[in-house]
Amino acid sequence: MTKLLEKALIVANAKVADGIYKCRIKTSGIAKACLPGNFINISVGSNSQFLLKRPFGVHNVQGNELEILYRVRGKGTDLMSNLVVGDSIDLLGPLGNEFSLFKGKRILVLGGGMGIAPLFFLEKKLSKDNDVTTLYAVKTRKELAEINVSKLLVHVDEEEGCFACDNLDDVLEKNKTEVLYVCGPDQLMKKSYQKAKAHGVYTEVSLEARMACGFGACVGCVVETVNGLKKVCNEGPVFKAEDVWG
Amino acid sequence: MTKLLEKALIVANAKVADGIYKCRIKTSGIAKACLPGNFINISVGSNSQFLLKRPFGVHNVQGNELEILYRVRGKGTDLMSNLVVGDSIDLLGPLGNEFSLFKGKRILVLGGGMGIAPLFFLEKKLSKDNDVTTLYAVKTRKELAEINVSKLLVHVDEEEGCFACDNLDDVLEKNKTEVLYVCGPDQLMKKSYQKAKAHGVYTEVSLEARMACGFGACVGCVVETVNGLKKVCNEGPVFKAEDVWG
Amino acid sequence: MKSLEVKLGKLILQNPITTASGCFGYGTDFSDFLDLDLLGAITLKSITKEPRVGNPTPRVAETPSGMMNSIGLANCGIKEFIEVKLPALTHLKKVKVIANIAGHSTEENIELAETLNSQKRVDAIELNISCPNVDAGGLAFCQDMSQLKVLLKKVRAKTDKPLIVKLAVNVNDIVNLAQTCEGEGADILSLINTVTGLEVDIENRKLFFSRGYAGLSGPAIRPIALKAVYDVSKVVKLPIIGMGGIATVEDVVKFLMVGADAVSIGMMNFVEPDISQRLVRELQNYLDSKNLGLKDLTLN
Amino acid sequence: MKSLEVKLGKLILQNPITTASGCFGYGTDFSDFLDLDLLGAITLKSITKEPRVGNPTPRVAETPSGMMNSIGLANCGIKEFIEVKLPALTHLKKVKVIANIAGHSTEENIELAETLNSQKRVDAIELNISCPNVDAGGLAFCQDMSQLKVLLKKVRAKTDKPLIVKLAVNVNDIVNLAQTCEGEGADILSLINTVTGLEVDIENRKLFFSRGYAGLSGPAIRPIALKAVYDVSKVVKLPIIGMGGIATVEDVVKFLMVGADAVSIGMMNFVEPDISQRLVRELQNYLDSKNLGLKDLTLN
Ligand SMILES: Cc1cc2nc3c(=O)[nH]c(=O)nc-3n(C[C@H](O)[C@H](O)[C@H](O)COP(=O)(O)OP(=O)(O)OC[C@H]3O[C@@H](n4cnc5c(N)ncnc54)[C@H](O)[C@@H]3O)c2cc1C
Ligand SMILES: Cc1cc2nc3c(=O)[nH]c(=O)nc-3n(C[C@H](O)[C@H](O)[C@H](O)COP(=O)(O)OP(=O)(O)OC[C@H]3O[C@@H](n4cnc5c(N)ncnc54)[C@H](O)[C@@H]3O)c2cc1C
Ligand SMILES: Cc1cc2nc3c(=O)[nH]c(=O)nc-3n(C[C@H](O)[C@H](O)[C@H](O)COP(=O)(O)O)c2cc1C
Ligand SMILES: Cc1cc2nc3c(=O)[nH]c(=O)nc-3n(C[C@H](O)[C@H](O)[C@H](O)COP(=O)(O)O)c2cc1C
Ligand code: FES
Ligand code: FES
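Protein chains in written order, with my numbering: chain A, 1 to 246; chain B, 1 to 246; chain C, 1 to 300; chain D, 1 to 300.
Keep in mind the hints are simulated off the structure, nothing from the lab. Beta carbons: idealized from backbone N, C-alpha and C, even for Gly. Don't take each hint at face value.
[As the list claims (entries may be wrong)] Sample of chain D residues with no beta-carbon within 12 Å of chain B, all distances over it, derived:
#1 D37
#2 P58
#3 R59
#4 N75
#5 I82
#6 K120
#7 D123
#8 D173
#9 G259
#10 N285
#11 Y286
#12 D288
#13 K295
[Stated by the list, open to error] Calculated pairs, PhoX-like style, for lysine-lysine (alpha carbon to alpha carbon, straight line, at most 25 Å):
#14 D:K206 - C:K295
#15 D:K49 - B:K230
#16 C:K2 - D:K206
#17 A:K139 - D:K290
#18 C:K206 - D:K295
#19 D:K154 - D:K79
#20 D:K290 - A:K142
#21 B:K75 - D:K206
#22 A:K7 - B:K75
#23 C:K158 - B:K139
#24 D:K7 - C:K206
#25 D:K2 - C:K206
#26 A:K142 - A:K75
#27 B:K142 - C:K290
#28 D:K206 - C:K290
#29 C:K7 - D:K295
With the rest of the complex left out, here is chain A (with noise of 0.2 Å):
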């Protein structure tokens, strides 16, 4: 697929939860070619002394627009908080490759945290043709963005006094789960895997690293697989779990 260099237009950036918000992108080119799985890379205000691209899942995309959900984590991403309508960004995508798609299969997808965003997309797609349930994890009540799907099992870390993936036996039975797509943090997803595996749920994983181009050319944002290391930004961010932890 080809990669974009855009200058876009912000349509609208506004907090959906506790120091989280929802920007959303007006492209000529690149929300279009957006396939479920697919990060985009976004810079933080022109002339700014952070000169790297911040990396983002693509969280939906309607026709020429795409949005992202993000928090506010450092510098960067509490500057894009500032971003107003009208403001002009820089924008590379479609990177990275893309989640597996299926027919016919009852499905789990479970998002930790910011995981739900890239996750979202994934469930628009799959829905159609699949029975979905997603399981979105956040520590606590606050935190939780409104995300409107099908079947929507919330976990509260803090409520219920454990993480999502330590009860993820019983859901993925109750669900008579065939495949899981995790993603927010390593050991959730590793844990998950693990479960998911002794039940043979086929899983598939989206990976974050640090990065500095966002498009295979610096190696910098590698990960070790059963395969070696691989480079997140173009051999990912998706992986099948079992290439992550065999």
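Following the hints, complete the assembly by docking chains B, C and D with the ligands onto the known chain A.
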């Protein structure tokens, strides 16, 4: 005078001539403390890679608001031209010394290009108690900003085929000028002073220099005077012309 | 239209804009963003004899107006380079291809140079003796001048292609180093490699990079790079490819004025993947609008 | 509230935040913006025996996330320093005052140290052997180790106040230099001074600064400064005042973690004149909120 450091708000920022902008800034205390001749230092964007504040003469003051008139010259002023209403900037002022004020004098105020900026504020103060003529010199008509003063002479180099200082003898004589204030390119100030001196006209000028701090701490902004090197930022920007050129 | 052609000894570039090693992959990573054949030259990622996995992660950090890297010369090795990477560039007719070698020993560099010498698509060989991110080779080559001379002499003997030697400022005396390279038959010098620095992960109370040190690049180091090029060009006759923080056409002009004959764009390729093509266009406009030739870009 | 007090040998600071020489005038320039008595120490502009006018203009240039300066040690001379500048600080009770001396010769530095030794308001003397912007003295002191030893020994003999020696990275080996200072009786080291660089005025096709070289400072050089502090602190037992690009409390913590005992704020004082007071407050909050003492700010 106490120097204040404030987060100030942009209340207007519009193009007023070719490459020239007028920016109105709402302050807590700075505007009220400003006198003609003072300048302010303004940040050109938060987290910008351009760290140093830019100095601009105080162009006008109304209550808590002050205005600057500026030309887009490099990266910082270019960024400034993108400021929109509601943007917040770091403002430091009032900085520098003041023009001497007189009563009952025939006065000529000569601004070359952006040199007009601080002189407009001066004219407003002086015109109550003096007979003030403003001579506003520009290279081409398209860079002429609207300046609302009682007696205005406009000199367009391109149209006259000479510089404003070349005609100065006539103007000084016709107006029986007793006091001259000049701000603009170095040559304009120097030549105007030489003519004024020949007519026995007391002259003050406002100088520019590359600055880091703007308040006397870095010793970056010196100019040569007959009394040795002086810091433009706190021993100027206003100097007696005789102290600069003898 | 002023001519942009530059002659770096035998290496003739259609324009002085090149890309820096490690910041342009093996070239094809950028073909979505620009027409490679419009650039003066592209320098490919440093290669070694065997594939190298490189250093542990994290490998990159952002710093004010710059970035640090500790990639550790991760690369596909000379075999894949010749069998896969170079063939992907054979359709390009105008851009010159510079292969950068970074063997960990004198012997490895000799072998690499010899192997590359027979490769048609390689227009010049750049010898990287200035990588801060490896234990053997890299900057260590600059610590012993007599050993370095041997390295240069031997590599020189193995190739009749233009030989570029890439220098860094983290040496005792970059000018002396440059003179040594000139004396041992280098055709061109390129400078500067990244500046050694340190970053701290305060959350985890440890050094951010596993090797501690990493290389700083980007606009932050531009004044340091300009000084190095200026100092070296004053005493060395060899053509110089200048680099370090170039982000604008004004930066390009600065490097050319202080003595560089061509320039390389490094980390800014990551920030703005089509920057090198833009700079070719802007340099053309700069010269045309000011009615200056490349030769006029000198200090008065 | 965690204690912020630090002991740099005999020099005890109420907190580790100090201001860097040349970036804080003679202190009073900042009294509109902050309460000087809340800082750990203020280091005043380098002084010489006679008043110095300094270098021709332009003396400052902006660079990405930094600035360059070629002030050339412009200062009022020791006489006015003692008669006017120091008395203006006598009402301050808690902040320590560090006088920075930058004589162009060994003799001048000896004389300056001797004169300052009897000044009550001077709590420590910082010997600047690392200014890049002068022809005599400055960095030149670091070129000849045996001469440097003489300088240090003699200055040391003239004062019983804490003696700080200020170092730069533009030397053959900053670690070796630091060890030499330690050996000759320095009490404290401060580093880094500005990094030598170059800027070009392309409009006029000349070097921007009349001396050519100038000193680079600001966030751009932070990774280089962190490395220097880290390297020096590993081999030298003396307390270290770390500086170079500090702009945030995280930067302060980074310097303390790699081995600095206190820090200095340089050019950021120009950008945000109350930054040093803000950093005292933020460092307090940082420690309190994480329940860490200053002593815990080390690498694990
Ligand atoms: C493929 C991919 C998809 C992502 N999708 C999302 C998403 O949809 N929503 C969301 O909130 N976050 C997402 N992230 C994480 C997001 O990129 C970081 O939170 C963000 O870059 C932090 O930037 P900052 O300037 O606020 O932090 P700073 O710490 O100031 O950033 C400094 C540097 O480190 C990098 N960095 C810091 N934290 C991370 C991190 N966790 N992962 C990667 N780089 C980091 C920054 O990009 C920058 O280069 C994704 C990361 C990757 C790699
Ligand atoms: C006391 C004083 C009052 C001024 N008043 C006005 C005014 O009312 N209106 C107006 O249009 N301009 C005024 N100027 C000039 C104005 O400060 C510069 O045009 C502006 O700083 C350029 O910034 P830049 O980022 O666009 O240029 P760049 O070239 O990108 O700036 C780089 C650095 O150089 C400095 N610099 C560049 N040109 C000048 C200059 N001519 N004088 C001083 N510093 C410069 C910048 O401040 C910055 O630090 C004044 C200057 C001074 C010293
Ligand atoms: C991520 C990264 C990887 C690099 N890898 C190499 C390399 O493999 N070989 C080499 O000679 N230089 C390498 N460099 C150095 C660059 O080629 C260049 O010399 C340096 O980054 C300065 O230029 P810049 O400031 O424009 O980036 C690398 C730089 C970066 C940022
Ligand atoms: C304008 C300016 C003037 C300076 N003058 C001196 C000086 O007189 N003596 C000195 O020891 N250091 C001087 N320095 C160096 C600073 O004290 C400091 O070491 C350096 O700037 C690095 O810190 P920073 O990056 O926080 O600015 C000066 C720095 C600047 C920017
Ligand atoms: S981010 Fe550069 S290779 Fe992946
Ligand atoms: S600008 Fe710093 S002393 Fe004038």
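Query - Minimum Cβ-Cβ distance from D123 (chain D) to chain B exceeds 12 Å - result: 20 Å, holds
Query - Pair hint K7 (chain D) and K206 (chain C), alpha-carbon separation not exceeding 25 Å - result: 24 Å, holds
Query raised in the report: Does K139 (chain A) pair with K290 (chain D) here, judged by a C-alpha cut-off of 25 Å?
Result: With a Cα-Cα distance of about 20 Å, the restraint between K139 (chain A) and K290 (chain D) holds, given a limit of 25 Å.
**Report entry** Holds or violated: K2 (chain D) to K206 (chain C), with C-alpha atoms at most 25 Å apart
**Finding:** 22 Å, holds
Query - Pair hint K142 (chain A) and K75 (chain A), alpha-carbon separation not exceeding 25 Å - result: 22 Å, holds
Query raised in the report: Hey, K290 (chain D) versus K142 (chain A), does the alpha-carbon distance stay inside 25 Å?
Result: Measuring from Cα to Cα gives roughly 23 Å; hence the hint holds.
Query raised in the report: Was Y286 (chain D) rightly flagged as not at the interface, with every chain B Cβ beyond 12 Å?
Result: Y286 (chain D) is indeed farther than 12 Å from all Cβ atoms of chain B, at 20 Å.
Requested in this report: Determine whether the non-interface label on N75 (chain D) survives the test: each CB of chain B must be over 12 Å from its CB.
Outcome: About 8 Å separates N75 (chain D) from the closest Cβ of chain B, which leaves it inside 12 Å; violated.
Query raised in the report: Regarding the pair K158 (chain C) and K139 (chain B), is the alpha-carbon distance no greater than 25 Å?
Result: 63 Å, violated
Query raised in the report: Taking 25 Å as the top limit, are the C-alpha atoms of K206 (chain C) and K295 (chain D) close enough?
Result: This hinted pair holds, its Cα atoms lying about 15 Å apart.
Query raised in the report: Going straight from one Cα to the other, do K75 (chain B) and K206 (chain D) come out at no more than 25 Å?
Result: Distance of about 20 Å is within 25 Å: holds.
Requested in this report: For the pair supplied as a hint, K206 (chain D) and K295 (chain C), confirm whether the alpha-carbon distance does not exceed 25 Å.
Outcome: 15 Å, holds
Violated hints for the displayed structure, listed by number in ascending order: 2, 3, 4, 23 and 29.
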